[in-house]
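**Q** Here's the letter readout for the chains.
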Amino acid sequence: MTKHNTGTRDEWLRARLDLLKEEKELTRRSDQLAQWRQELPWVKIDKDYRFDTDEGRASLADLFRGRSQLLVYHFMFGPDYTAGCPSCSAIADGFNGIAAHLANHDVMLWAVSRAPLAKLQAYKRRLGWAFPWASSFESDFNFDYGVGLTEE
Amino acid sequence: MHEWHGTNVFLRDGDRVFRTYFINNRGDEQMGGTWNYLDITALGRQEKWEDSPKGYPQSTPYEWWNWHDDYGNDEASAKVLEQVRRGRAAGAGGDVT
Numbered sequence: 035m036t037k038h039n040t041g042t043r044d045e046w047l048r049a050r051l052d053l054l055k056e057e058k059e060l061t062r063r064s065d066q067l068a069q070w071r072q073e074l075p076w077v078k079i080d081k082d083y084r085f086d087t088d089e090g091r092a093s094l095a096d097l098f099r100g101r102s103q104l105l106v107y108h109f110m111f112g113p114d115y116t117a118g119c120p121s122c123s124a125i126a127d128g129f130n131g132i133a134a135h136l137a138n139h140d141v142m143l144w145a146v147s148r149a150p151l152a153k154l155q156a157y158k159r160r161l162g163w164a165f166p167w168a169s170s171f172e173s174d175f176n177f178d179y180g181v182g183l184t185e186e
Numbered sequence: 071m072h073e074w075h076g077t078n079v080f081l082r083d084g085d086r087v088f089r090t091y092f093i094n095n096r097g098d099e100q101m102g103g104t105w106n107y108l109d110i111t112a113l114g115r116q117e118k119w120e121d122s123p124k125g126y127p128q129s130t131p132y133e134w135w136n137w138h139d140d141y142g143n144d145e146a147s148a149k150v151l152e153q154v155r156r157g158r159a160a161g162a163g164g165d166v167t
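Chains A and B, in that order, are what the protein sequence lines are. Numbers 35 to 186, taken from the numbering used here, label the letters of the first sequence in order. Numbers 71 to 167, taken from the numbering used here, label the letters of the second sequence in order.
Treat the hints loosely; a few may be bogus.
[Said to hold, decoys possible] With a Cα cut of at most 30 Å, we get these calculated DSS-like pairs of lysine-lysine:
1. Lys-55(A) to Lys-37(A)
2. Lys-124(B) to Lys-78(A)
3. Lys-118(B) to Lys-149(B)
4. Lys-118(B) to Lys-78(A)
5. Lys-124(B) to Lys-58(A)
6. Lys-81(A) to Lys-124(B)
7. Lys-58(A) to Lys-37(A)
8. Lys-81(A) to Lys-153(A)
9. Lys-81(A) to Lys-158(A)
10. Lys-118(B) to Lys-58(A)
11. Lys-118(B) to Lys-55(A)
Since the hints were derived computationally from the structure, they do not count as laboratory data.
All chains, full assembly: derive it from the sequences and hints.
**A** Here it is, written out as structure tokens:
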């Protein structure tokens with residue numbers, strides 16, 4: 035370990051409170067960014083994307099399950115993968131528990147991957163996940179929305 | 071064909087669907103919590119302190135969430151809500167803005 039400053043509880047508290055002022059500025063800045071983000075234009079989707087889900091074929095509108103908002107996590111699981119990407123799996127371990135809270139606050143959270151549904155379902159059972167996961171196997175969805183990169 | 075991660079955000083207005091936001095790379099790493107996800111939706115947290123579009127529902131913070139296995143159990147959540155309201159009245163909630 036390299037050397038580092040040490041101090042008394044009072045010294046720590048004074049330094050911590052100075053840092054807190056900076057942290058509060060960051061929070062205000064985040065709130066400002068959130069407002070600007072809400073002002074971004076909305077882009078209408080005209081293509082009819084179709085997905086395979088546990089409940090059968092679904093359109094993008096179906097994924098909303100009646101809510102007004104939808105989050106789609108593009109989970110790296112290509113058609114020829116034998117398992118989902120480990121980093122995406124670590125991220126999904128994090129959001130697995132919150133899908134119910136979002137669903138009760140007007141937001142559906144889905145994962146979407148290009149692997150066929152059966153592979154996704156088997157992997158979901160292995161990892162013990164509860165969030166909904168759709169396959170975009172035959173669809174252009176991933177290419178069109180910024181997460182499919184061809185070799186060129 | 072390569073894969074990469076990212077999170078797309080959509081809004082539905084009747085039959086019309088819009089893409090409102092997209093985030094990837096370092097920004098996507100910050101995602102994964104209820105409130106981080108709500109903050110990237112078009113309607114935000116739908117909490118009363120936000121400047122949300124007209125006509126969209128808003129609720130008070132600390133009152134809309136519940137145990138994940140108990141949504142719809144109004145009696146249990148009513149008791150918690152009562153406790154939250156008492157706490158807020160006593161100043162325990164603090165200023166959310």
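**Q** Taking the hints in turn, state whether each one holds.
**A** Cross-check of the supplied hints:
| no. | hint | verdict |
| --- | --- | --- |
| 1 | Lys-55(A) to Lys-37(A) | holds, 26 Å |
| 2 | Lys-124(B) to Lys-78(A) | holds, 20 Å |
| 3 | Lys-118(B) to Lys-149(B) | holds, 21 Å |
| 4 | Lys-118(B) to Lys-78(A) | holds, 27 Å |
| 5 | Lys-124(B) to Lys-58(A) | holds, 28 Å |
| 6 | Lys-81(A) to Lys-124(B) | holds, 28 Å |
| 7 | Lys-58(A) to Lys-37(A) | holds, 29 Å |
| 8 | Lys-81(A) to Lys-153(A) | holds, 26 Å |
| 9 | Lys-81(A) to Lys-158(A) | holds, 28 Å |
| 10 | Lys-118(B) to Lys-58(A) | holds, 20 Å |
| 11 | Lys-118(B) to Lys-55(A) | holds, 25 Å |
Hint compliance for this structure: every hint is met.
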